[in-house]
Amino acid sequence: MSSSSGDEVDSNILEHSFPASGSCAPLGPRDQGATATLDIDTEHEADAQAQFERVQQQIKEGFIKDGKTLYKGQAMYGAKEAKDTVKGNASSGMNRIGPIRAPQFLRQTVRWDYAPDICKDYKETGFCTFGDSCKFLHDRSDYKHGWEIERDYASGRLNKVDETNYEINNEEDEFPEECYICGKPFTSPVVTRCKHYFCETCALNSFRKSKRCQICGENTGGVFNIAKGNIVTHFTCVYKVVM
1 MSSSSGDEVD SNILEHSFPA SGSCAPLGPR DQGATATLDI DTEHEADAQA
51 QFERVQQQIK EGFIKDGKTL YKGQAMYGAK EAKDTVKGNA SSGMNRIGPI
101 RAPQFLRQTV RWDYAPDICK DYKETGFCTF GDSCKFLHDR SDYKHGWEIE
151 RDYASGRLNK VDETNYEINN EEDEFPEECY ICGKPFTSPV VTRCKHYFCE
201 TCALNSFRKS KRCQICGENT GGVFNIAKGN IVTHFTCVYK VVM
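Going by the UniProt record's numbering, the sequence shown wraps up at 243, each residue one higher than the last.
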């Protein structure tokens, strides 16, 4: 602080000092945290794998010492010696059942999105009072749940288009004009399980020789049902036209 009268200048000097490391290397770890470990899980000395390894070590040391059986805790009840396999050592998560030790080299953040943050008002009505400032997603699309996708995939209906949906069928084309065996108009028509029509007499005579259908070769099993519904109406119309 100084005055215009030329008085002595009073000043407060703030001094700050810090020790120097004497090195040009950056602060922090030398690898800049590239090999940082994840320390939020259970300590390695107390996790399931460490307990398993301690039990295996106790088994190798044995339970008898100086002719006496030693008690080594409840964890040893029913414990058996595990052996290494091609998947790894006995204590690895590939060979034993239980919690698996988290990798130290991987740092990850996982969020299970059971409730997707979609604006309910916009999805149902297409309007939201918050506008662009709404923190929820403005999306009116319909998505399948995971169990619905798995169900469709298991049933074989995923991305599968039925070509018969685009066919224009004529009901008259489904019924033949005459019996395939005798070549004459039907007499007491019957139908097989493979949806082929024959005269009743022709079907029975053919079954005595072979159990297979005369048209497609499928085993009829001796089942000949009386033709009903549209086939009877079709035959009646044909007979009237012929007569």
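Any given hint might turn out to be false.
As the list claims (entries may be wrong) - DSSO-like cross-link-like pairs, simulated, lysine-lysine; straight-line CA separation at most 27 Å:
#1 K80 / K65
#2 K83 / K123
#3 K65 / K83
#4 K68 / K87
#5 K184 / K211
In case anyone wonders, no lab produced these hints; they're calculated from the structure.
Straight-line Cα separation of K83 and K123 no greater than 27 Å? 57 Å, violated
K68 and K87 were given as a pair; does the straight-line alpha-carbon distance stay at or below 27 Å? Not satisfied, since the Cα-Cα distance of roughly 37 Å exceeds 27 Å.
Verify the proposed pairing of K80 with K65, using a straight-line Cα cut of 27 Å. 19 Å, holds
CA of K184 to CA of K211, is that 27 Å or under? 22 Å, holds
Does the structure keep K65 and K83 at a Cα separation of 27 Å or less? 24 Å, holds
Hints 2 and 4, counting from the list given before, are not met by this structure.
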